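> Spelled out, the chains give:
2 protein chains.
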Amino acid sequence: MTEPTRASSADAGGIADQLDAHDLAEGSRRLSGQVRIVGSGLLGTSIGLRLRQHGVDVILDDVSPAARSLAIDYGAGRLPAQGDQPTLVVVAVPPDVTASIVARELQAHPEALVTDVASVKVAPLVELRALGADVSRYIGSHPMAGRERGGAVSARADLFIGRPWVIAGHDDISYRRAAAVEDLALDLGATPIEMTPDEHDAGVALVSHVPQVVASLMATRLAAAPDASLELAGQGVRDVTRIAASDPALWVQILGANASRVVDVLRELRVDLDGVIDALDAPEAPGARRAVAEAIGAGNGGVARLPGKHGSTTQFSSVIVLVDDTPGQLARLLTEIGEIGVNLEDLRLEHSPGAPVGLAEVAIVPDQEQRLVAELERRGWTVAGAFA
Amino acid sequence: MTEPTRASSADAGGIADQLDAHDLAEGSRRLSGQVRIVGSGLLGTSIGLRLRQHGVDVILDDVSPAARSLAIDYGAGRLPAQGDQPTLVVVAVPPDVTASIVARELQAHPEALVTDVASVKVAPLVELRALGADVSRYIGSHPMAGRERGGAVSARADLFIGRPWVIAGHDDISYRRAAAVEDLALDLGATPIEMTPDEHDAGVALVSHVPQVVASLMATRLAAAPDASLELAGQGVRDVTRIAASDPALWVQILGANASRVVDVLRELRVDLDGVIDALDAPEAPGARRAVAEAIGAGNGGVARLPGKHGSTTQFSSVIVLVDDTPGQLARLLTEIGEIGVNLEDLRLEHSPGAPVGLAEVAIVPDQEQRLVAELERRGWTVAGAFA
Numbered sequence: 001m002t003e004p005t006r007a008s009s010a011d012a013g014g015i016a017d018q019l020d021a022h023d024l025a026e027g028s029r030r031l032s033g034q035v036r037i038v039g040s041g042l043l044g045t046s047i048g049l050r051l052r053q054h055g056v057d058v059i060l061d062d063v064s065p066a067a068r069s070l071a072i073d074y075g076a077g078r079l080p081a082q083g084d085q086p087t088l089v090v091v092a093v094p095p096d097v098t099a100s101i102v103a104r105e106l107q108a109h110p111e112a113l114v115t116d117v118a119s120v121k122v123a124p125l126v127e128l129r130a131l132g133a134d135v136s137r138y139i140g141s142h143p144m145a146g147r148e149r150g151g152a153v154s155a156r157a158d159l160f161i162g163r164p165w166v167i168a169g170h171d172d173i174s175y176r177r178a179a180a181v182e183d184l185a186l187d188l189g190a191t192p193i194e195m196t197p198d199e200h201d202a203g204v205a206l207v208s209h210v211p212q213v214v215a216s217l218m219a220t221r222l223a224a225a226p227d228a229s230l231e232l233a234g235q236g237v238r239d240v241t242r243i244a245a246s247d248p249a250l251w252v253q254i255l256g257a258n259a260s261r262v263v264d265v266l267r268e269l270r271v272d273l274d275g276v277i278d279a280l281d282a283p284e285a286p287g288a289r290r291a292v293a294e295a296i297g298a299g300n301g302g303v304a305r306l307p308g309k310h311g312s313t314t315q316f317s318s319v320i321v322l323v324d325d326t327p328g329q330l331a332r333l334l335t336e337i338g339e340i341g342v343n344l345e346d347l348r349l350e351h352s353p354g355a356p357v358g359l360a361e362v363a364i365v366p367d368q369e370q371r372l373v374a375e376l377e378r379r380g381w382t383v384a385g386a387f388a
Numbered sequence: 001m002t003e004p005t006r007a008s009s010a011d012a013g014g015i016a017d018q019l020d021a022h023d024l025a026e027g028s029r030r031l032s033g034q035v036r037i038v039g040s041g042l043l044g045t046s047i048g049l050r051l052r053q054h055g056v057d058v059i060l061d062d063v064s065p066a067a068r069s070l071a072i073d074y075g076a077g078r079l080p081a082q083g084d085q086p087t088l089v090v091v092a093v094p095p096d097v098t099a100s101i102v103a104r105e106l107q108a109h110p111e112a113l114v115t116d117v118a119s120v121k122v123a124p125l126v127e128l129r130a131l132g133a134d135v136s137r138y139i140g141s142h143p144m145a146g147r148e149r150g151g152a153v154s155a156r157a158d159l160f161i162g163r164p165w166v167i168a169g170h171d172d173i174s175y176r177r178a179a180a181v182e183d184l185a186l187d188l189g190a191t192p193i194e195m196t197p198d199e200h201d202a203g204v205a206l207v208s209h210v211p212q213v214v215a216s217l218m219a220t221r222l223a224a225a226p227d228a229s230l231e232l233a234g235q236g237v238r239d240v241t242r243i244a245a246s247d248p249a250l251w252v253q254i255l256g257a258n259a260s261r262v263v264d265v266l267r268e269l270r271v272d273l274d275g276v277i278d279a280l281d282a283p284e285a286p287g288a289r290r291a292v293a294e295a296i297g298a299g300n301g302g303v304a305r306l307p308g309k310h311g312s313t314t315q316f317s318s319v320i321v322l323v324d325d326t327p328g329q330l331a332r333l334l335t336e337i338g339e340i341g342v343n344l345e346d347l348r349l350e351h352s353p354g355a356p357v358g359l360a361e362v363a364i365v366p367d368q369e370q371r372l373v374a375e376l377e378r379r380g381w382t383v384a385g386a387f388a
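Protein chains in written order, with the UniProt record's numbering: chain A, 1 to 388; chain B, 1 to 388.
Simulated from the structure, these hints should not be mistaken for laboratory data.
Keep in mind that this is a model prediction, so the values were computed, not measured.
Be aware that one or more of the hints could be misleading.
To be verified - Label pairs and their computed distance ranges (CB to CB): (1) A228/A <-> A179/B: 16 to 26 angstroms; (2) I340/A <-> G341/B: 22 to 32 angstroms; (3) R30/B <-> Q235/A: 22 to 32 angstroms; (4) S174/A <-> R379/B: 39 to 49 angstroms; (5) Q235/A <-> G301/B: 14 to 24 angstroms; (6) P65/B <-> D367/A: 31 to 41 angstroms; (7) D134/B <-> D367/A: 44 to 54 angstroms; (8) G380/B <-> R290/A: 56 to 66 angstroms; (9) Q85/B <-> G380/A: 34 to 44 angstroms; (10) A66/A <-> A285/B: 29 to 39 angstroms; (11) G132/B <-> Q370/A: 43 to 53 angstroms; (12) R379/B <-> A66/A: 27 to 37 angstroms; (13) G341/B <-> G33/A: 41 to 51 angstroms.
Stated by the list, open to error - Only some residues are given here: those of chain A computed to face chain B with a beta carbon under 8 angstroms: (14) P211; (15) V213; (16) R221; (17) T241; (18) A245; (19) R267; (20) L269; (21) L280; (22) L330; (23) A331.
Just so it is clear, CB atoms sit at the ideal spot from N, CA and C, and this is done for glycine as well.
Start from the sequences and build out the full structure, keeping to the hints where you can.
Given below as structure tokens:
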């Protein structure tokens with residue numbers, strides 16, 4: 001009853017092992033030696049908190065003594081001291097100062113492997129090479145750990161559990177040396193993914209940076225809209241614009257550091273946008289309907305490529321169930337779905353403006369749809385839709 | 001235990017009254033007289049099913065006798081007969097034939113009020129006037145009832161419960177006459193919203209049609225991406241592109257029928273897109289960083305205008321909790337949140353690629369955040385983040 005985070009599988013060394021913080025004895029850690037963390041924001045402090053749970057000797061540093069003291073107060077590490085000999089240095093500072101801090105750390109700790117956690121990976125490596133830094137001891141990484149905001153106050157030892165952690169290898173570092181960064185990711189509960197800096201930056205441009213720009217541009221259109229228009233807003237526009245709430249100061253840095261790749265994708269998108277505008281400008285012209293159909297159809301193909309749960313691309317059926325707007329109701333629905341023996345693949349809630357009622361959209365494998373609908377209705381639930 | 005759809009509030013005539021299909025006795029219906037439905041797709045059949053539950057005499061018609069028979073088999077109404085005298089005709093056919101069918105029905109049933117359920121409202125009215133139809137008996141409407149796909153097979157009597165239903169009034173129809181459409185919406189469990197055809201079409205262009213185009217354009221960029229890029233996809237790009245899975249054939253019609261308003265918004269969006277492209281093309285140029293910051297910042301302002309649950313714009317705190325990927329776990333989490341006495345405002349699930357674990361993001365009012373986190377951790381849950 002009180003082991004919600006224990007995984008059902010127990011294959012040694014697998015992700016399942018890393019799920020329960022309480023099970024992670026000191027002995028199971030992979031990293032050895034001192035770890036020095038530079039930067040005590042959300043990421044740096046969270047890394048320190050988790051490594052301290054493993055019993056690692058964590059040295060915390062920050063350009064701001066106040067920020068450093070706060071992170072130390074939270075238990076994320078200790079002050080630097082004479083004679084410190086870190087084997088791993090983690091640079092967790094804003095993207096625009098990452099390379100210069102990495103270079104400084106490489107020089108200050110000539111035996112240490114240095115990594116960073118910035119959300120772009122080409123620019124720091126290029127800059128380090130230009131600075132003449134010893135990149136045979138540098139390998140960049142990028143934990144895909146959600147909201148990069150909040151500072152030490154928001155830090156959590158569990159921030160990285162189950163998250164992808166990109167390790168961006170290059171030709172000037174040996175496989176053996178890079179292993180410490182993989183150990184770091186595993187000790188933090190993350191899933192290491194190896195790719196080149198180029199692959200990483202092109203990837204995040206496409207699946208993170210451009211979606212951010214697109215969501216912000218769409219949300220901007222809502223700013224001056226009449227209230228009546230916004231009353232019609234449904235789940236679609238909410239989903240498209242959700243990430244538009246992101247921090248401008250952070251995104252200026254991220255987009256600036258990956259500018260050329262982001263622009264490449266935005267230019268391709270603009271060509272398609274112009275096509276749609278031209279078609280809708282003369283919607284009765286020959287070819288106009290086909291152009292619009294192809295634009296929407298091409299989107300079908302793109303979204304189908306996104307991996308689903310557990311990385312699969314299985315398509316699920318959706319069953320939409322009416323629920324009272326109380327946590328008890330939703331819990332009861334999920335309990336009963338469990339009793340019926342159908343596995344819930346995903347769950348989304350929709351709220352109807354002005355109504356004391358919500359719609360729960362339950363994703364399940366298609367061959368269980370009929371049975372689930374029949375069983376829910378038998379139990380008195382109102383099913384408001386079922387779609388393949 | 002088995003009354004999940006009963007509302008807690010019971011104020012007469014309110015939405016709460018309409019939540020439980022089982023409570024709606026025949027006597028509580030508002031519509032009287034025969035209702036004729038033309039078009040037996042998802043919407044037409046769903047309307048018929050619900051009205052039949054109210055005991056309304058529903059006449060079903062469709063250009064396809066086979067489709068009509070199927071909807072009648074499902075119990076959505078009966079065949080037309082000599083002497084039928086509908087007081088209300090509901091035209092539920094594709095947008096491009098809506099006006100001509102409405103005109104035909106106005107002529108065939110000179111005593112009836114005629115409405116349609118097409119997703120644009122200006123074009124049908126303009127076309128009807130051009131055809132010389134008697135628009136003093138026509139008033140357009142638009143139920144905002146999710147996925148407009150699936151045909152009679154997917155129809156549900158409960159499809160409209162809690163959904164907004166726009167009634168697009170105009171100067172040539174009297175208030176008294178239009179009342180039957182409001183009665184229809186209420187009998188179906190929907191929430192009537194009055195606006196002009198212009199307001200409606202501008203509104204749906206902004207909050208439905210343009211978001212569809214934007215999502216499709218973004219998803220199109222994923223079509224040719226390397227697999228490695230897609231492995232980095234997180235919840236952000238999933239949300240931005242979710243509606244890109246929509247049916248191209250349907251959207252050609254919707255976008256074509258509202259083309260000028262959609263193009264107006266897309267043009268404004270393109271100006272902003274050009275600004276971002278120019279800025280990222282020369283990210284070190286004077287003003288470039290400010291331009292990017294303003295683009296992201298403007299999106300902040302836009303997304304904040306979207307009404308939240310119950311139409312409010314309250315900002316919620318998010319608490320992220322690690323859950324095993326089983327329905328029992330999530331149900332237990334929600335049950336415990338209920339026991340703790342914190343009201344769940346929203347819930348989203350995130351799946352980590354490759355990990356047998358999910359993250360549940362629970363939205364709550366900010367002043368309950370600390371207590372919820374403390375109580376959940378005391379009960380053994382792993383909290384992976386908490387954000388205002």
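> So, for every hint listed, does it hold in this structure?
Cross-check of the supplied hints:
no. : hint                                  : in the structure
1   : A228/A <-> A179/B: 16 to 26 angstroms : holds, 21 angstroms
2   : I340/A <-> G341/B: 22 to 32 angstroms : holds, 28 angstroms
3   : R30/B <-> Q235/A: 22 to 32 angstroms  : holds, 28 angstroms
4   : S174/A <-> R379/B: 39 to 49 angstroms : holds, 46 angstroms
5   : Q235/A <-> G301/B: 14 to 24 angstroms : holds, 21 angstroms
6   : P65/B <-> D367/A: 31 to 41 angstroms  : holds, 32 angstroms
7   : D134/B <-> D367/A: 44 to 54 angstroms : holds, 51 angstroms
8   : G380/B <-> R290/A: 56 to 66 angstroms : holds, 57 angstroms
9   : Q85/B <-> G380/A: 34 to 44 angstroms  : holds, 38 angstroms
10  : A66/A <-> A285/B: 29 to 39 angstroms  : holds, 34 angstroms
11  : G132/B <-> Q370/A: 43 to 53 angstroms : holds, 49 angstroms
12  : R379/B <-> A66/A: 27 to 37 angstroms  : holds, 34 angstroms
13  : G341/B <-> G33/A: 41 to 51 angstroms  : holds, 46 angstroms
14  : P211                                  : holds, 4 angstroms
15  : V213                                  : holds, 6 angstroms
16  : R221                                  : holds, 6 angstroms
17  : T241                                  : holds, 5 angstroms
18  : A245                                  : holds, 5 angstroms
19  : R267                                  : holds, 7 angstroms
20  : L269                                  : holds, 5 angstroms
21  : L280                                  : holds, 4 angstroms
22  : L330                                  : holds, 5 angstroms
23  : A331                                  : holds, 4 angstroms
Hint check: no violations occur; every hint is consistent with the structure.
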